[in-house]
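The hints should help you fit chain F onto chain A, whose structure is shown.
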Amino acid sequence: MKLQKKKAHTTRAMPLSQKRTFWQIVLQQRYLYLMSLPFVAWVLVFNYLPLLGWTMAFQDYRPGVPFYAQDWVGFKHFIELFQDERFYLVLRNTLVMSIMGLLVGFTFPILFAVLLNEVRLKAFKRTVQTVSYLPHFVSWVVVAGIVTKMLSVDGGIINELLISTGLADQPIQFMTKGEWFWIIVTLADLWKEMGWNSIIFLAAMAGVDPQLYEAAKVDGASRFRQIWHITLTGIRPTILVVLILSIGSLITIGFEKQFLLGNPTVVNYSEVLDLYALNYGINLGRFSYGTAIGIFNSMVAIILLFIANGIFKRYSNQSVM
Amino acid sequence: MKQKASIQLSKGDRIFNFANYTFLTLVFIATLYPFLNVLAISLNDSTDTVRGGIYIWPREFTLENYRTIFAYDHLLTGFMNSVLRTVIGTVLGVLSSAMVAFTLSRADFHGKKFVSTVLVLTLYFSGGLIPGYMLMRELNLINTFWVYILPGMVNAFNIIIVRSFMDGLPYSLQESAKIDGANDFTIFWRIILPLCTPVLATIALFVAVGQWNAWFDTYLYNSSNPDLTTLQYELMKILQNTTMGASGDPNAFRGVGGEQAAQNVSPESIKMAISMVTIVPILLVYPFLQRFFVQGMTLGAVKS
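Here the protein sequences line up with chains A and F, keeping their order. Residues in the first sequence are numbered from 12 upward in steps of one, following this note's numbering. Residues in the second sequence are numbered from 23 upward in steps of one, following this note's numbering.
With the rest of the complex left out, here is chain A (with noise of 0.2 Å):
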C-alpha cells in the first residue's frame, strides 16, 4: 500500500520537473515513440518523398539515370503546357465537371437531409436511408458499369421511361453525346454519394434544440419557415465547413469517373488534368511533362484551398486548415 502510493507519487510528479533530459524524457516515453515514429518515417517516405519527383518538371528526366547527371532545362515544359491548345481543353473540362459537381454535390445532400429529417415515420426514414448509403460502398467500375447499362439504347431504363412517356421518339444514345458526358458523370456522382454526404447534415440536424421547433409552432410558423429559420439555420456551422472543404478540393476532382466513363466519342469533354498526366506521363513515358501537369494541379488545388480558407476565416473566426 505505501509502496503504491510513492510510486504513483513519482508517476505523476514526472512530467513537471525541470531537471530531466531530453534523453531521459524519450526513454522514459520511449513506447510512444515506437508507436508512431515508424509510421512517421512511413509517411516521409511515401508522401514526403515523391515530392522530390517535382524536380523532374525542370529536367528532360530520362530514367535510369542519376540525379546529379539529368539536364536541367528550367521552365521549357511549363512553357510547353501553356502553349498546348489540348491543355486548355482538358483544363475546362476539369474545371467545369469540378464546378458542376460542387454545386450539385454540395446542395442535394442538405436538401436530401432535410427532407428526410422532416418524416416522423421511423421505419420510413431508416429504410430510404440505409438504401441511400447504398452505393458509396460500390465501387465506380460497377457505378460505371450501372450507369451503362441504364443509359443504353437497348434496353436501358432511361431510354425506356423517356419513350414509354412520350418524351423521346426513339432511344438517345447518352454515352456518345460529347455535351451529355459532363452531365452524366455531375448525376453518377450524385446517385453514388447523395446519401453517404447527407450523413453529417443529419447528424447536425440531431442536435438543434427540439423547442425552437415546438415554440416556432406556436408563433404559427409554416413548415417552410420551421426548415428555413431553424433547421438550416441550426446546421450553418456544419454547411460552412462541408463548403469550405470542398471549395478547397475543386480541382483535385480525381480522374476515376472521367477514365471509367469517357470513351474515344467524347473524348474532348471526358479528359481531365490528370488522365491528361497519365496518357502524357505514363502512357507515352514523357514524365517530365506529366509531372509538370500535376504540379500545376496542386499549385491551383493550394490556391483554391488558401482563398477558400480566408473566406471561411472572415465570417466564421476560425479556420480549416
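Everything labelled a hint here was simulated from the structure, so no lab data went into it. The reader is advised that the hints may include incorrect statements.
A few chain F positions that, by computed beta-carbon distances, are all more than 12 Å from chain A [claimed, not checked]:
hint, residue
1, Ala52
2, Ile110
3, Lys259
Footprint (simulated), chain F over chain A, 3 or more residues, beta carbon under 8 Å [unchecked claim]:
hint, segment
4, 44-50
5, 62-74
6, 130-139
7, 148-161
8, 165-171
9, 288-302
Here a beta-carbon is modelled for each residue, glycine too, at the ideal position from N, C-alpha and C.
For chain F alone, kept in the frame of chain A given last:
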C-alpha cells in the same frame, strides 16, 4: 422529436408531407432499382437477356452465369488477391491508425507536435501521379503484391478520426493502469484498443471498402502480371471493352463464356454476374457496421 403534432395537421402540412414522402420514395427507387436490375440480369439466362425487358425479376432463372465466371482463371485469381489485399490492408491500416492516434491523444507525449504536423500536411498536398509512380519504381514495388498495401498504409484522415474518439476516453484509466505498473504499450493494447472498438470498426470499414474497390493501382503498377490482378481490375477490363468497342484490350475476355470469346463481347448477364460478385461482400458487411460509421463520421466531422 416532434411527434405530438400528428393530431392536428394543417392543409399545408399535409401537402408538404405528401410531396415529401413521394419524393423520398422516388429517391429510394432510383437508388435501389439499378442494384435489383443487375441482380436480376445476372440470374437470367444470358441468351435470353439479349431480348431485353428484364427489370427486377429474372425471366429464365439460372446460376450458369456465376458458374461461367468462376471457371475463368483471372477472375478467381483476382478474387483471391482482392480478398487478400482487403484483409492485410485493413489489419495493418487499422493498427497503424490506432497506434499513431494513441500517441497523439497523450497530452504528455513530447513528439506530439512534430508527428501531427507531418501527418496533417499530407492532407493538403501530394506528389502527384508521376512522382508517385517513379517512387514505386525506385522502391521496386512495381509488379509486387505489396504495392497494394504499403503506399496507403498510414492515413492521416483515419488517424484524426481515431484520435478524436480517444480524446473522449477518461485519462484516469491510463493513470490507474500506470500505477499498477503497466507500460504505455500495455495500456494501449489492453485498455485503449478494446475501448475503441466502435471507431476502429468504422476505420476498418473505410479501409476495407477502399481496398476492395481499388482498381487503379492494379492498372498502373501490376497490369502486366496476371497473377497480381484484382477483381475490380478484371471487371474494369470487361466493362471498358464494351464502352470502347473494338478498340479495347482484345485479351480482356479470353476465357469468358466460350463462343462469345470469339466475338470479343461478353454477354450482359456475365458482366452483371461479375458486378454482383464485387458488390455482395460489401452488402453483407455494411448493415452491421452502419451504426458505427454513422457515429464515426459524425465524430470525425465535428472535431476536425
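_Need the list of violated hint numbers for this structure, in ascending order._
1, 3
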